[in-house]
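Trainee: Sequence:
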Amino acid sequence: MLGAFLESKGLADATQVLLYLAVAKLGEAPIDGITDTNPEGLTTSTGKWAAAFQARLAKGGLTCHVKGGDTYTKAMLEKHVWICAFMLVGALNGGIKVGEVEAAHSEQLRAVVEELRAAGEAELGVTLDAGAFERLAAYGRSVAHFPTAVKEFEWRNGWFYDISAKAIKEAKPDPMPLHTAGLTTLGAVPVAA
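One gets the numbering used here by counting positions in the sequence shown from 1 and adding 3 to each.
The set of hints was computed from the structure by calculation and includes no laboratory data.
The structure presented is a predicted model; accordingly, all values stated were derived computationally and were not measured.
The beta-carbon is built from N, C-alpha and C at its ideal position, and this holds for glycine as well.
The reader is advised that the hints may include incorrect statements.
[Claimed, not checked] Beta-carbon label-pair distances, calculated as ranges:
1. A55 x I34: 18 to 26 Å
2. A55 x A170: 39 to 47 Å
3. I34 x A152: 28 to 36 Å
4. F8 x V194: 25 to 33 Å
[To be verified] Here are the computed lysine-lysine pairs in the BS3-like style, where the Cα-Cα straight-line distance is at most 30 Å:
5. K51 x K12
6. K28 x K62
7. K51 x K70
8. K100 x K77
9. K154 x K82
10. K169 x K77
11. K82 x K28
12. K169 x K62
13. K154 x K28
All chains, full assembly: derive it from the sequences and hints.
Mentor: What follows is the structure in structure tokens.
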């Protein structure tokens, strides 16, 4: 998702990290991205300093995997789908907590995840491994107490919306109509004419 931005700044080879950890409040230990479907953890890094970052996290008792190429791209897409789908569905349902999204709105969540997954795969030329929804739901359960909101639009849902806007401009069907409708409902994008 950051590829074009990093390239525009001459940073295409910069070290990147998909950080799966959370700190509920000041002074509390971080919650590692370990879930019931990924007991090995989810945090992933790539680039020149990826192994050094992995070593630093390990010193703190946290997990990190070093990946490259399409393997990293798939991990990046999966994390992006998670944040965009969970935040959108949560915001559409009154700003509920992350854990409530899957527990109370699983069908809606799955439909949005599938739209984002398919469009992201087509855009990036990768295919996520089977079980993506289950992995995303498991991570949601691991940070169940966090609030939801659609924010940082340009860096999150905006990437997916740009794919939809391009398709619509080319007189093609919107590949993510649920996503676009949700963003419209929330006032994040203009109502289509």
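Trainee: Going through the numbered hints above, which ones does this structure break? Give me the numbers in ascending order.
Mentor: Numbers 3 and 12, in rising order.
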